[in-house]
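Quick note, the sequences are listed as chains B and P, same order.
In terms of the working numbering, the first sequence opens at residue 1 and continues consecutively.
In terms of the working numbering, the second sequence opens at residue 1001 and continues consecutively.
Treat the hints with caution; some may be incorrect.
[As the list claims (entries may be wrong)] Derived Cβ-Cβ restraints for the label pairs, each shown as a range: (1) B:L19 <-> P:N1130: 55 to 61 Å; (2) B:G25 <-> P:K1127: 39 to 45 Å; (3) B:L110 <-> P:Q1097: 29 to 35 Å; (4) B:E33 <-> P:K1161: 22 to 28 Å; (5) B:G25 <-> P:S1092: 51 to 57 Å; (6) B:D51 <-> P:K1090: 41 to 47 Å; (7) P:K1112 <-> B:S36: 26 to 32 Å; (8) P:K1119 <-> B:G119: 41 to 47 Å; (9) P:T1062 <-> B:V20: 18 to 24 Å; (10) P:K1116 <-> B:K42: 20 to 26 Å; (11) B:N58 <-> P:G1099: 44 to 50 Å; (12) B:A23 <-> P:K1161: 27 to 33 Å; (13) P:A1142 <-> B:D120: 46 to 52 Å; (14) B:E80 <-> P:I1108: 26 to 32 Å.
[To be verified] Dumping the calculated DSBU-like pairs for lysine-lysine here, alpha-carbon to alpha-carbon at most 30 Å: (15) B:K10 <-> P:K1169; (16) P:K1010 <-> P:K1112; (17) B:K117 <-> P:K1112; (18) B:K34 <-> P:K1030.
[Unchecked claim] Rough simulated footprint, nothing fancy, chain P against chain B, three-plus residues with beta-carbon under 8 Å: (19) 78-84; (20) 87-100; (21) 123-137; (22) 141-150.
Treat the hints as calculated values from the structure; they're not laboratory data.
All residues carry an ideal CB built from backbone N, CA and C; glycine is no exception.
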Amino acid sequence: MTKQKRPMLKKMLGTGLVLVTIAAGIYWYVATEKFSDTKDRKAEFTVKAIDFIREFANNDSAANRKYADKIITVNGTVSEIEAADTTVNIKFIDTASSAYAIFAFQEQHLAEAKSVKVGDSVSIKGSCSGGVFSEILGTEYITFKRCALNK
Amino acid sequence: MIGSVFAQKKTTTSATVSFDATTSLDSGPKADNKTVIAAIDTQTGSVQFEANVKNFTFANPTMQGHFNGDKWLNSNEFPTFTFKGNIVDKSSVNFAQDGSYKTEAEGILSVKGIEKKVKVPGTIVVKGGNISVSANFSIALADYGISGVPVDAGKVAKQPKITVSAELK
Chain B
1 MTKQKRPMLK KMLGTGLVLV TIAAGIYWYV ATEKFSDTKD RKAEFTVKAI DFIREFANND
61 SAANRKYADK IITVNGTVSE IEAADTTVNI KFIDTASSAY AIFAFQEQHL AEAKSVKVGD
121 SVSIKGSCSG GVFSEILGTE YITFKRCALN K
Chain P
1001 MIGSVFAQKK TTTSATVSFD ATTSLDSGPK ADNKTVIAAI DTQTGSVQFE ANVKNFTFAN
1061 PTMQGHFNGD KWLNSNEFPT FTFKGNIVDK SSVNFAQDGS YKTEAEGILS VKGIEKKVKV
1121 PGTIVVKGGN ISVSANFSIA LADYGISGVP VDAGKVAKQP KITVSAELK
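Working from the sequences, and respecting the hints, build out all of it.
So this is what it looks like as structure tokens:
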């Protein structure tokens, strides 16, 4: 009877060890996972800046469902460059409404962002965090994170 | 007319707010948001901040997902953090004269739709008509209905440190 139990115990211990190893591997992968370079990501939409901003200003619920949490390429003429901590953000502004889209750059693309000037035609790819109406400014604004310039 | 020279609202759309909930068990839960809107009215002493929650940037995709998820910040339902307050002692800051001023702002911090009164120590630097603001403080996650296994297990700090910096023009 005892002899029959031991192979079963060994099998259970072996299975347990395999499961623990798999769980540890998954935990390690999840804990150390990093966002990839946005430059290497495929954009789900490519849009013109002013049309994009107006889409949010007209109906931000619909625009958020369409664009939020997605990689988007936005093409337009730079309206403003604003100091942000030790780096800069780039903005496209719809002068008709003051609504704007603002782009914060990924660590490895900060230097290229600093080389951009107001009036430059640029193409920026980034992760869209969606649009929100600002009570402070009284206008719609759309934010992007982890951006890169398309060259 | 003379008094109105400095009676104006200074703003930025690129203030930075950093969130650090790291512990000795986990160095991952920290993020920053560099697209925060900030405004100071130099006449009334009112101070306002507004951040799109989804634009907090984590290094780790899973942590960012949890941060925005239903159990944590639920950013789909509560898309912004806001602070609306005033400089406690407005006479402690002379916006008409270059200098560095230690001060405090008191107001309502709204996180996940829950509003709490907070008092935040900070520094205001006035230079050539521009204003820089910096502040460091902590919030208790429990005050805003945020809890869970990672907090109980010591992997997320119960009182994350918040750092604010802004250059207003």
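Evaluation of the provided hints:
no., hint, result
1, B:L19 <-> P:N1130: 55 to 61 Å, "holds (59 Å)"
2, B:G25 <-> P:K1127: 39 to 45 Å, "violated (53 Å)"
3, B:L110 <-> P:Q1097: 29 to 35 Å, "holds (34 Å)"
4, B:E33 <-> P:K1161: 22 to 28 Å, "holds (24 Å)"
5, B:G25 <-> P:S1092: 51 to 57 Å, "holds (56 Å)"
6, B:D51 <-> P:K1090: 41 to 47 Å, "holds (44 Å)"
7, P:K1112 <-> B:S36: 26 to 32 Å, "holds (29 Å)"
8, P:K1119 <-> B:G119: 41 to 47 Å, "holds (44 Å)"
9, P:T1062 <-> B:V20: 18 to 24 Å, "holds (20 Å)"
10, P:K1116 <-> B:K42: 20 to 26 Å, "violated (42 Å)"
11, B:N58 <-> P:G1099: 44 to 50 Å, "holds (45 Å)"
12, B:A23 <-> P:K1161: 27 to 33 Å, "holds (31 Å)"
13, P:A1142 <-> B:D120: 46 to 52 Å, "holds (47 Å)"
14, B:E80 <-> P:I1108: 26 to 32 Å, "holds (30 Å)"
15, B:K10 <-> P:K1169, "violated (71 Å)"
16, P:K1010 <-> P:K1112, "holds (27 Å)"
17, B:K117 <-> P:K1112, "violated (37 Å)"
18, B:K34 <-> P:K1030, "holds (13 Å)"
19, 78-84, "holds (count 3)"
20, 87-100, "holds (count 5)"
21, 123-137, "holds (count 7)"
22, 141-150, "holds (count 5)"
The earlier numbered hints that this structure contradicts are 2, 10, 15, 17.
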